[in-house]
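Participant: Using the sequences and the hints given, assemble the complete structure.
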Amino acid sequence: MNKGRLLHDVKYRISMLVKLHGKTGVTLDALTDNYRTLWPEEHPYWRTYHIPTFMDFLTDDLSDTVTVLTVAGVPTAWSAEEVKFQQMTDAKTTFPSKEQLLEVIKKRKSLTVDELTSYVMKNFGQQLSYAVANQIFGTNEKKIHQAIKKGLQEWVDVVKLKVGATKKRTIILKKEKKQKWLLQNLILAKLNTNGSMTYIELFEFLEDTFRIHLNHYYINVLYGIKANNLLEALTAAFDSVATISPFEDLTTTSGLAFTENYLIQLIGHTKPHSVSRSTQTESVDFCSVERVIRFLEDNGGISIMVTQLHKVLYGCEAAVLSIESVLSLTLDLVIQSEGRLGIKKINGLAFVTLTGKSKSKD
Numbered sequence: 000m001n002k003g004r005l006l007h008d009v010k011y012r013i014s015m016l017v018k019l020h021g022k023t024g025v026t027l028d029a030l031t032d033n034y035r036t037l038w039p040e041e042h043p044y045w046r047t048y049h050i051p052t053f054m055d056f057l058t059d060d061l062s063d064t065v066t067v068l069t070v071a072g073v074p075t076a077w078s079a080e081e082v083k084f085q086q087m088t089d090a091k092t093t094f095p096s097k098e099q100l101l102e103v104i105k106k107r108k109s110l111t112v113d114e115l116t117s118y119v120m121k122n123f124g125q126q127l128s129y130a131v132a133n134q135i136f137g138t139n140e141k142k143i144h145q146a147i148k149k150g151l152q153e154w155v156d157v158v159k160l161k162v163g164a165t166k167k168r169t170i171i172l173k174k175e176k177k178q179k180w181l182l183q184n185l186i187l188a189k190l191n192t193n194g195s196m197t198y199i200e201l202f203e204f205l206e207d208t209f210r211i212h213l214n215h216y217y218i219n220v221l222y223g224i225k226a227n228n229l230l231e232a233l234t235a236a237f238d239s240v241a242t243i244s245p246f247e248d249l250t251t252t253s254g255l256a257f258t259e260n261y262l263i264q265l266i267g268h269t270k271p272h273s274v275s276r277s278t279q280t281e282s283v284d285f286c287s288v289e290r291v292i293r294f295l296e297d298n299g300g301i302s303i304m305v306t307q308l309h310k311v312l313y314g315c316e317a318a319v320l321s322i323e324s325v326l327s328l329t330l331d332l333v334i335q336s337e338g339r340l341g342i343k344k345i346n347g348l349a350f351v352t353l354t355g356k357s358k359s360k361d
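Residue 151 in numbering that gives the first Met the number 0 is what sits at position 152 of the sequence shown, and the numbering runs on without skipping anything.
Note that these hints are calculated values from the structure, not bench results.
Certain hints may be false.
Claimed, not checked - In silico DSS-like pairs for lysine-lysine, Cα to Cα no more than 27 Å straight-line:
1) K121 to K149
2) K106 to K159
3) K149 to K167
4) K310 to K105
5) K121 to K142
What the hints assert, rightly or not - Computed Cβ-Cβ distance ranges for the label pairs, DEER-style:
6) T252 to K18: 48 to 58 Å
7) D8 to S253: 46 to 56 Å
8) T23 to E247: 44 to 54 Å
From a predicted model like this one, the values you see are computed outputs, not experimental measurements.
Beta carbons: idealized from backbone N, C-alpha and C, even for Gly.
Facilitator: Below, the structure is given as structure tokens:
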């Protein structure tokens, strides 16, 4: 039997086996036993098509006929037709709206399709099959990720990122791509100011300032790399710019739990890293922050280009300003403003603006 015929035969048998279980579905453990009987791993197809796991086979080759979801911690498969029938005929069914799912994506910045599927199951009790996704997004696609990408094409992209040993389809906001240049330069400016930072310090700074969750998936997207873990991501992102080394201190100011930490040290910077949790510098003081805020308030809450900050603070134009010095000054102001100042990008230019937050009272 040739490979194409064998593939078709196995797909048909598994689809029929799942369909026979009707509404109850069949656990992946039980289905895997049948799968191995039908198709031993030593068969040449495995070496030719590089299918490492049964789950990959289901999600890549059988996604149009089989739906796999984790229910009560147990991965279970249903016939896609059964899922569609149940969803479309149950009068009590409550689907999440497209707007609700978009809000989830915006909050998370990026998440895998599996994570979005789990969210829908947990909060709506629904199985996010491709048929359900089509109904939510008003599309007519054969796979969940295709429905998401088409239905939210104005706001998101769906890309494949490696997670552990497998690649997972990940949803990312398009606006994040527009921020890449600015964020990369802000991070570099912060490193230039400090000489070194730990990963936790950088994570908390970006979380507090921009609400960015700097895990290794986000680093992959930000720097256009395909790292498998945090260390690989940091090493690739700061290649030829900084050295990355393990850092034992896992202390945080945010209360978040971290299992690993690394020191990011600019090449050529030899001063030992301070374990101080403050990331402020001496170049900007309290009066500088108040001066900028007062200037913005007096002018009707306008935004100001970061290149004009020197004039507002010191009353004159700077003779020469490097991008690093401008961004460093901007970052220091934002950090010390305790959330009252923010940075936004307009037509490719960076501006400082009021956030509307009041000064914290300690």
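Participant: Between T23 and E247, does the beta-carbon spacing fit 44 to 54 Å?
Facilitator: Since the Cβ atoms of T23 and E247 sit about 50 Å apart, the hinted range of 44 to 54 Å holds.
Participant: Given the hinted pair K106 and K159, is their Cα-Cα distance within 27 Å?
Facilitator: OK: K106 and K159 at ~20 Å, within 27 Å.
Participant: Taken at face value, is the distance from the CA of K105 to the CA of K310 at most 27 Å?
Facilitator: It is violated: about 36 Å lies between the C-alpha atoms, which goes past 27 Å.
Participant: Between D8 and S253, does the C-beta distance stay in 46 to 56 Å?
Facilitator: holds, 54 Å
Participant: Assuming the hint says 48 to 58 Å, is it satisfied by the Cβ distance from T252 to K18 or not?
Facilitator: holds, 54 Å
Participant: Just to be careful, I want the Cα atoms of K121 and K149 compared with a cutoff of 27 Å; is the pair within it?
Facilitator: The given pair, whose Cα atoms are some 24 Å apart, holds under the 27 Å limit.
Participant: Hey, K121 versus K142, does the alpha-carbon distance stay inside 27 Å?
Facilitator: Satisfied, since the Cα-Cα distance of roughly 21 Å is no more than 27 Å.
Participant: Under the criterion that the straight-line Cα-Cα distance not exceed 27 Å, is the pair K149, K167 satisfied?
Facilitator: holds, 18 Å
When the structure is compared with the earlier hints, a violation turns up for hint 4 alone.
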